[in-house]
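Throw the hints in and build the complete structure from the sequences for me.
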Amino acid sequence: MRVLQSWLKEYLKFSIPPEELVERLTMLGLEFESVDRLGEKFRGFVVGHVLDCARHPNADRLSVCSVHVGKETLQIVCGAPNVAAGQKVAVGLIGAVVPRRMHDPAGTPLVLSPIAIRGVDSRGMICSEAELDLGPESGGIMVLEPKARAGQPLAVYLGLDDVAYDVEVTPNRPDWLSHMGVAREIAVLTGRKPALPRVRLREGKTPVTSFLKVRVADRVNCPRFAARVIRGVTIAPSPAWLQTRLRNAGFRPRNNVVDITNYVMLECGQPMHAFDHAMLRGGTIIIRQATEGTRFTTLDGREHSLPAGTVMVCDAEREVSVAGVMGGANSEISEGTVDIVLESAYWKPASIRKTAKALGIVSDASQRFERGADPQGVRYALDRAAGLVLELAGGTLLRGVIDVYPKKIHERVIRMRPSRANLVLGTSLSVREMIALLALLDVRPVRRTGKTLAFRIPAYRVDLLEEIDLIEEIARVHGYDRIDSKTSAAIDVSHPLEKEDPAARVRSQLVGMGFREAVTNSMQDEARSVAPGITPVRVLNPLSKEMAVMRSSLVPGLLQVIALNQSRGTPDLRLFEIGHVFRVDPDAPTRLVGDYAEEERAAVILTGARHPRHWDSVSPTVDLYDLRGVVDGLLEALGLDNSRFIPYPTSDGLIETPLGVELHGGYAGLMGPVSPGMASRYGVEGDVFAAEFLLSALRPGGRKPYVPLPRFPKVRRDVAFTFDRNIAAGNVENEIRRAGGELLVGVGVFDVYQGKGLPEGKKSLAFALELMSLERTLTDPEIDAVVGGIVRHIEQKFGAVLRGA
Amino acid sequence: MQETIERLRSQAEADIQSVQDRTELEEYRVTYLARKGRIAALFDQLKSVAPDQRPAFGKTLNELRSRVQSLLDERAARFAAGPVVRESIDPTLPGRGLFVGSSHPLIQTLEEIKGIFVGMGFSLADGPELEDDYHNFGALNFPPDHPARDMQDTFFVGKDALLRTHTSPVQIRVMENHPPPVRAIMPGKVYRNEAVNARSYCMFHQVEGLCVDRGVTFSDLKGTLISFIKQFYGSSLKYRFRPTFFPFTEPSADIYITCFICGGKGCRLCKQSGWLEILGCGMVHPNVFRSVGYDPERFTGYAFGMGIERIAILRYGIDDIRLFFENDVRFLEQF
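Chains C and U, in that order, are what the protein sequence lines are.
In terms of my numbering, the first sequence opens at residue 1 and continues consecutively.
In terms of my numbering, the second sequence opens at residue 806 and continues consecutively.
These are calculated hints, taken from the structure and not from any lab test.
One or more hints might be untrue.
Claimed, not checked - Dumping the calculated BS3-like pairs for lysine-lysine here, alpha-carbon to alpha-carbon at most 25 Å:
| # | chain 1 | residue 1 | chain 2 | residue 2 |
| --- | --- | --- | --- | --- |
| 1 | C | K486 | U | K1035 |
| 2 | C | K193 | C | K13 |
| 3 | U | K994 | C | K545 |
| 4 | U | K864 | U | K852 |
| 5 | C | K354 | C | K407 |
| 6 | C | K545 | C | K357 |
| 7 | C | K486 | U | K919 |
| 8 | C | K41 | C | K147 |
| 9 | U | K964 | C | K357 |
| 10 | C | K545 | U | K964 |
| 11 | C | K71 | C | K41 |
| 12 | C | K213 | C | K407 |
| 13 | U | K964 | C | K354 |
| 14 | U | K1043 | C | K486 |
| 15 | U | K841 | U | K852 |
| 16 | C | K147 | C | K71 |
| 17 | C | K797 | C | K762 |
| 18 | U | K919 | U | K1043 |
| 19 | U | K919 | U | K994 |
| 20 | C | K704 | C | K714 |
| 21 | C | K9 | C | K41 |
| 22 | C | K41 | U | K1070 |
| 23 | U | K1035 | U | K1076 |
| 24 | U | K919 | U | K1035 |
| 25 | U | K1070 | U | K1035 |
| 26 | U | K1043 | U | K1070 |
| 27 | U | K864 | U | K841 |
| 28 | C | K41 | U | K1076 |
| 29 | C | K714 | U | K864 |
| 30 | C | K763 | C | K797 |
Unchecked claim - Quick look at which bits of chain C chain U covers, simulated, 3 or more residues with Cβ under 8 Å:
| # | segment |
| --- | --- |
| 31 | 164-174 |
| 32 | 349-355 |
| 33 | 424-435 |
| 34 | 530-539 |
The C-beta atom is built at its ideal place from N, Cα and C for all residues, glycine as well.
As structure tokens, then:
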């Protein structure tokens, strides 16, 4: 909403400078986008009267003019062919800055100084529209109206000696979408009461009802519909003052009648519409709902197919206007219009919003009606518009007004407890102070019951509905800055919610392990990111195809990051991300909304060199064991020691030959090489390894009891076996543990060998066994017995052969 | 003696791993297996062991020797033939590096904010990013078909399912599941159907806060948030609370701080106003309490929310919000 200072002053006298006004209204809740001093660039320009104009003694194309500029007469050399004695012209005085220098291709500003042109002194400049940035180059100077007063500042002559404020209006305050509304807010600062102009109408003899019939069929959506008829108007451009007002407020002037409807709307907030009476068939207006699919062309030239339930203003045969949103092309005011119908109505906000949304129209009318106009302001606006039409377009006003308003909407009365206001705000305002604060908003007490006050609310304040709304008004008008701040927050230690984010431990471990955290877009493209077997959550109104589904895994987003970094010269990457993933899964236990499953995951991904590049050696590229090392390290750091890794026979589409990770017997995640197909879809080069976990499974294990350090030595024995190559070391290790009993406290592979010295198809696995007792030093026979048992068990179980005993 | 042998064995096994070439292999052999090597030295010590224990230790030492020999053999087999020249030590050469990790700049900012509120007695809570209309709008006092809904352009995923446009629905879920008092902050991702450009992205992060108890006032809201601002932005900064509108709080306020780029004189960043908006807040609207079954007569509370991207952008002077989600390592490693 663009608000003009001169316009505000029509309703309220105030002399607060613009900066201060902005500051003080900001602290009352209005938001200002900008403050524009419209005449600023015409400082130093005045209206001049060319008294005399003679040819330059030394140049044929130049004229030497004597120009009266109010207090003095200046000699100015002018090069324009159209300059002539008797003209009123725009003169730039010495020191003024001409906005555009015409002889400079870049059009830089020009500061005027006294000069001599071909030997003749020149004390200023007669300007063209182009030089003043007011229009295109016309080949000559700008000639003003003959009645312009010499010496008058040019900005005043142009109607630009004004300040325009761009106000951002929150959806709860439609009353601010008018000059009167903003004036009411300024009145809070000044304490004076703003007033709209008084309207006195001279009506003709013919009753309006003999010329127009109105029937409201949809009374739910049209609680009030008022109309007046003026016959014999002359459609013409509006006078300059009205055009200037509208233009400065950001509206394009059209013709007097249409301009008046806009003017009244900007004055008091009530949107208006004018029909050409001749276009209303049957001289009738009916408010009813459209049948679905009716074609209708709005006056912006767009054709719509109306949804069922669209509230329309119709004549006896057809639709003529989308109620409260936009008029129709079939009944708009044109040059030939003679008789007009002025409409002023109150529409149900929700219905206007639904229609405006469905038709994709945001109009000045719909914005005001959907937020809520003033049902009691309908009649004033109608009369005010009628008065202006009679004044500016002539014609005869028919007698009386049509005002279909079957159920009067009364001013609300809201009860408020002053004690409650102090309780919510932490203030100690007296009842008298509160009443005084609300009175500044014209909210007045009507009765008092015990400790409760009842206040009457002006009808334009559609946002004031209950006690808390009045408490807010008290705080706002009193000033938020004047409310004390208190920091006595009692800390409640018995709280049921958590203090630690489960992601924090995972994050700090991975950062410590050299991983960089990524945060990627949760919206992905469907073709590349979705693994087979997953029903993705589709965005119904996506921004683009690249953001059409919600991610069902963190891996595709990380692959995108890898591709980007590879293309920018960073091939060695260790990344992780923690975030939510989504899928459609009616059976999922983690559903909160509909059939959608959402869970938080943590993923790590690595590719490129195993070690940072170094002059000493060439690092091998990462392989599965690097990933496994990261996973083992992470689980150990989190205190999750009861893990199992289970090879899956098939790929899940993202990971080739995945290894399932179980923690404490429950599924925790997957790890393995990223399938080459998946990687190549993202343009990723080289081998990539990824692991993805449910964050809930990585919740650190509870604190474990301290175990005293052993007092007896640990003994180590090494055993190496020859196995068939397909035997998994993990399985052997599990079997060793099983056979070792409680004296075996540690098992680890320390060597894997195949090749020279071993038969084809065989490999050697060497295990270090650690034996210990908490009660005594183990004797050799005891140790030999345990190791012997293990060896026998492994030989039997796997057909292995003990090496080099 | 037993322990000495074990220690030597561990060391020999460790050392073999770092043998990179033939020269080092020879050094290794000399260290352990040569006639004056460390194993030989232990054999020399056998003399000092009690005679009845000598055979046992002798056996262990023999095992150690053959173990080291086999380690040496296997290592030797890995090296191709050919001489290796070893550089002399130059300590000005760079050392072997490690990959350095880092958390994301947005997460760092978020963690810092979390830390301040946890220190002031707030707990943490979490909620789904995919929400229903009720939690995202209805329960937060956005009436159906109300223009307030246009303040937040929404991505829809189903008839009654959408991507949350703010973290405020977590307030509702927390209150639905916990009786008062509640004092929690709720960080998370939110989504808005807005064009992507240098200044706006369709996804960003917020931290929501909620405090409900008996007798919580607008004064408490001011005190808590001023304390936060001072801890996070510095205690000398000027701030102001300005009335604004949110459907789910009343009274509502936007908090502004002095623009730290221009010091309040007015610049491009603060749109010449000298002030930067950093936080929205207000007293929880009674309708919100009603929708979660809290009695608004018995309990009052405040809520607040802030955008993490905006804070990080201001703080680091980042000129394009998209950099956060591109994850160029050259960007990530600066934080």
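Hint check:
| no. | hint | verdict |
| --- | --- | --- |
| 1 | K486(C) with K1035(U) | 14 Å, holds |
| 2 | K193(C) with K13(C) | 9 Å, holds |
| 3 | K994(U) with K545(C) | 21 Å, holds |
| 4 | K864(U) with K852(U) | 14 Å, holds |
| 5 | K354(C) with K407(C) | 23 Å, holds |
| 6 | K545(C) with K357(C) | 24 Å, holds |
| 7 | K486(C) with K919(U) | 21 Å, holds |
| 8 | K41(C) with K147(C) | 23 Å, holds |
| 9 | K964(U) with K357(C) | 17 Å, holds |
| 10 | K545(C) with K964(U) | 20 Å, holds |
| 11 | K71(C) with K41(C) | 22 Å, holds |
| 12 | K213(C) with K407(C) | 20 Å, holds |
| 13 | K964(U) with K354(C) | 17 Å, holds |
| 14 | K1043(U) with K486(C) | 17 Å, holds |
| 15 | K841(U) with K852(U) | 16 Å, holds |
| 16 | K147(C) with K71(C) | 18 Å, holds |
| 17 | K797(C) with K762(C) | 16 Å, holds |
| 18 | K919(U) with K1043(U) | 22 Å, holds |
| 19 | K919(U) with K994(U) | 15 Å, holds |
| 20 | K704(C) with K714(C) | 22 Å, holds |
| 21 | K9(C) with K41(C) | 23 Å, holds |
| 22 | K41(C) with K1070(U) | 23 Å, holds |
| 23 | K1035(U) with K1076(U) | 23 Å, holds |
| 24 | K919(U) with K1035(U) | 15 Å, holds |
| 25 | K1070(U) with K1035(U) | 21 Å, holds |
| 26 | K1043(U) with K1070(U) | 13 Å, holds |
| 27 | K864(U) with K841(U) | 20 Å, holds |
| 28 | K41(C) with K1076(U) | 21 Å, holds |
| 29 | K714(C) with K864(U) | 18 Å, holds |
| 30 | K763(C) with K797(C) | 16 Å, holds |
| 31 | 164-174 | holds (count 4) |
| 32 | 349-355 | holds (count 4) |
| 33 | 424-435 | holds (count 4) |
| 34 | 530-539 | holds (count 3) |
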